[in-house]
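Position chain B relative to chain A; hints supplied.
One line per chain: the protein sequences are A and B, in this order. For my numbering, add 70 to where a residue sits in the first sequence, where the first one is 1. For my numbering, add 32 to where a residue sits in the second sequence, where the first one is 1.
Please keep in mind that the hints were generated in silico from the structure rather than gathered at the bench. No experiment lies behind these values; they were computed from the predicted model shown. For glycine and all other residues, C-beta sits at the position ideal for the given N, C-alpha and C. Treat the hints loosely; a few may be bogus.
[What the hints assert, rightly or not] Under 7 Å between C-beta atoms, here's a sample of chain A residues computed to sit facing chain B:
hint, residue
1, V168
2, F171
3, M172
4, S245
5, T248
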Amino acid sequence: MTKLLELRERLRDFYGKFEFYIKPGIRFVVALITFFLINGNIGYMSRLNNPAVAIALALVCTFLPINATVVLAAVLILAHLFALSVEVCVVALLLFLVMFFMYYKFAPKEGYGLLVTPLLCRLGIGEVMPTGLGLAKEPYSILSMICGLVVYYFLRGVKANDALLAAVDEEAEVSKFTLALQQIVGNQELYVTVLAFGLTALVIYIIRRQSFARSWTVAVALGNGINLIVLLVGSFLIKQTGNIPGMIVGTVVAVAAGLLMEFFLFNLDYVRTERLQFEDDEYYYVKAVPKVFVSGKEKRVKQINSRKNDRISKKELADEFDIDRDLLDD
Amino acid sequence: MLNKERIRLMTKLAAYEQGEGKEYMPMSRFYRRDYIGFQMIKTLFYSTIAFGILFLLTFLYQMESFLESMYQMDMQEYIVGVLVKYIIFVAVYQVIARFVYSRRYRKGHKSLKLYFNRLKKVEKLYEREETLLPIDDWEE
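Same shape as in the complex, but just chain A:
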């Protein structure tokens, strides 16, 4: 445990020192994964379906706030869907607009929630999301997760039906609009997931705010238990039991992620270096670094009590001075 704590201190120190580079780095990685996944899964516009494009876009995102990544990802998705079918593109555009006006106008700082949810879902560990949000965020950020889930299931449905959606068929029974929207409205899996994830995030948030000892651990365990139960019951009810191993793996990963977060997040909050400028008669350029705990390495314990073999016996003393031992008797 001490080793871990020491590691944490060192990581925190590292983060505090290089925050200036780490934050854009994280943005770059998230953006890159996002664009690669979009291209890899719904890359219908061949001109954009190119690693160079994804890398270039991610580089742009590195230097912009995270919401820029969200907007660029939305544009990329729309472009690909446009190449598939205009109707699908229109539906997606309207969907994005609804999300924007219903939610993002009011909570503009939740870009990561929206972006990472579909990513994790695609990677099969979407269960991490409610744990993360419940532990680190306010309850209203659950809405950003729900938006992310809607986008994910919509795109997955579009991908599954892309042949139908791309076909030029005037005699089709349902319009492409209906078929595209069917991916959301008629998607019971989406409902089950939204219910499970939303409930989990809420439970975790409520429990971890309690003051009893190890409330975070309890929150992670209980929340993910509820999540798994709701997902399992739900998938039996809608008779889609294909993904049960995935759910279990996802839950295990979520528990691990939650415990890791508990370890780091309780204190990592303090790590915020600020770079500021202000002026009166002079100009001030200040870098304010909050105090960091002394890491384990720097602590030096000085042993004060005497060593054991400080006491020597009469025999040793007598031998040392080369005298008779009896002389030392008092």
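Okay, now just chain B, sitting in the frame of chain A:
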């Protein structure tokens, strides 16, 4: 002249202005009621747009069945139904907005108070420095 204590305070002030306070600064120009009212009007506007798009989406979703049954349908009843839904939608949003923004105002107000207190302290430090300066000169 550089004053350690003042710089410390000013650093905190600048940190607030450029970080947490950015969101709250505009609040200092409003009374509570005006602030919440203004935000609620904004919310009304955005929720109306959102409802419009949602309506469009549902229309697209049911386009076929709608076009088929359009002639037998009571148009008046349909429109009234949509209006009722719109009013409920907007009303829910207004309630949420009221709740959220009054909470945000309370929170912002509290942190602004701290900010202005610090500002006052800096001002006092300036004043003291100014009155002290001539003496410093004299001592030299």
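Each hint, compared with the structure:
The beta carbon of V168/A comes within 5 Å of a beta carbon in chain B, closer than 7 Å, and the hint placing it at the interface holds. Checking F171/A against chain B: minimum C-beta separation of about 4 Å stays under 7 Å; hint holds. Interface restraint check: M172/A against chain B, minimum CB-CB distance 4 Å, threshold 7 Å, status holds. Given hint, S245/A at the interface with chain B, holds; its Cβ is 6 Å from that chain's nearest Cβ, closer than 7 Å.
For the restraint placing T248/A at the interface with chain B, the shortest Cβ-Cβ distance is roughly 6 Å, inside the 7 Å limit, so the hint holds.
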